[in-house]
Amino acid sequence: MDLALEGNDHVAREAGELAGAGHRPVEVGGELLDRAAEGAAGNFLGSVLERLCMASERPREDFLRALSRSYLASVDGAHAVHPSHVDRHEPQHRPHLNGGPVIKINAMERYATTLHTDAHLAACADRAGVPLQRYIHRTDLPCGSTIGPISATQLGIATVD
Numbered sequence: 001m002d003l004a005l006e007g008n009d010h011v012a013r014e015a016g017e018l019a020g021a022g023h024r025p026v027e028v029g030g031e032l033l034d035r036a037a038e039g040a041a042g043n044f045l046g047s048v049l050e051r052l053c054m055a056s057e058r059p060r061e062d063f064l065r066a067l068s069r070s071y072l073a074s075v076d077g078a079h080a081v082h083p084s085h086v087d088r089h090e091p092q093h094r095p096h097l098n099g100g101p102v103i104k105i106n107a108m109e110r111y112a113t114t115l116h117t118d119a120h121l122a123a124c125a126d127r128a129g130v131p132l133q134r135y136i137h138r139t140d141l142p143c144g145s146t147i148g149p150i151s152a153t154q155l156g157i158a159t160v161d
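Numbering of the sequence shown is given in my numbering, commencing with residue 1 and proceeding in unit increments.
Source of the hints: derived by calculation from the structure; they are not laboratory data. It cannot be assumed that every hint is accurate.
Quick list of the computed label-pair ranges, beta carbon to beta carbon [stated by the list, open to error]:
1) Arg94 x Ser70: 29 to 39 angstroms
2) Glu61 x Thr114: 23 to 33 angstroms
3) Gln133 x Ala19: 38 to 48 angstroms
4) Arg60 x Leu97: 28 to 38 angstroms
5) Thr153 x His120: 43 to 53 angstroms
6) Ala78 x Arg58: 35 to 45 angstroms
7) Asp62 x Leu97: 34 to 44 angstroms
8) Ser56 x His82: 23 to 33 angstroms
9) Pro59 x Pro83: 22 to 32 angstroms
10) Leu115 x His85: 24 to 34 angstroms
11) Leu52 x Pro101: 21 to 31 angstroms
Here a beta-carbon is modelled for each residue, glycine too, at the ideal position from N, C-alpha and C.
Make the full structure from the sequences, and use the hints.
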């Protein structure tokens, strides 16, 4: 995003149009509290994106097609392995500090990452020389979630957490 904001022509050519959105804090005590109008479950983000398209005098069909060609990165913090709780992580998928961005994966779809969005982000990171880590939550332990699945459902955009 920083490269796009600095006007990097290569990023603009590769990415097309970029948008960033931040939601108010949505998690308190492990519970997602996103049902406010401006929360991830509201229609605020989709409404703003559609209005931007309309302001450029494009037909709504262009907006809908753009959504189907888009990717969403749901970005929040990933916790590194705590030395006292190493057993709570899959042995081959333990995030390490300064090891690069973390893709979150959960078999019960508590994260929005799919095989397709994982591969897409991995290809982008590879081209940019950015190392990636993968966190795969153990299936025998409860798992929190992110706003990724909520935003993906609201907008119909392929999403990676």
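Consistency of the hints with the structure:
{"no.": "1", "hint": "Arg94 x Ser70: 29 to 39 angstroms", "verdict": "31 angstroms, holds"}
{"no.": "2", "hint": "Glu61 x Thr114: 23 to 33 angstroms", "verdict": "25 angstroms, holds"}
{"no.": "3", "hint": "Gln133 x Ala19: 38 to 48 angstroms", "verdict": "26 angstroms, violated"}
{"no.": "4", "hint": "Arg60 x Leu97: 28 to 38 angstroms", "verdict": "45 angstroms, violated"}
{"no.": "5", "hint": "Thr153 x His120: 43 to 53 angstroms", "verdict": "19 angstroms, violated"}
{"no.": "6", "hint": "Ala78 x Arg58: 35 to 45 angstroms", "verdict": "37 angstroms, holds"}
{"no.": "7", "hint": "Asp62 x Leu97: 34 to 44 angstroms", "verdict": "43 angstroms, holds"}
{"no.": "8", "hint": "Ser56 x His82: 23 to 33 angstroms", "verdict": "48 angstroms, violated"}
{"no.": "9", "hint": "Pro59 x Pro83: 22 to 32 angstroms", "verdict": "56 angstroms, violated"}
{"no.": "10", "hint": "Leu115 x His85: 24 to 34 angstroms", "verdict": "28 angstroms, holds"}
{"no.": "11", "hint": "Leu52 x Pro101: 21 to 31 angstroms", "verdict": "27 angstroms, holds"}
Checked against the numbered hints given earlier, this structure breaks hints 3, 4, 5, 8, 9; the rest are met.
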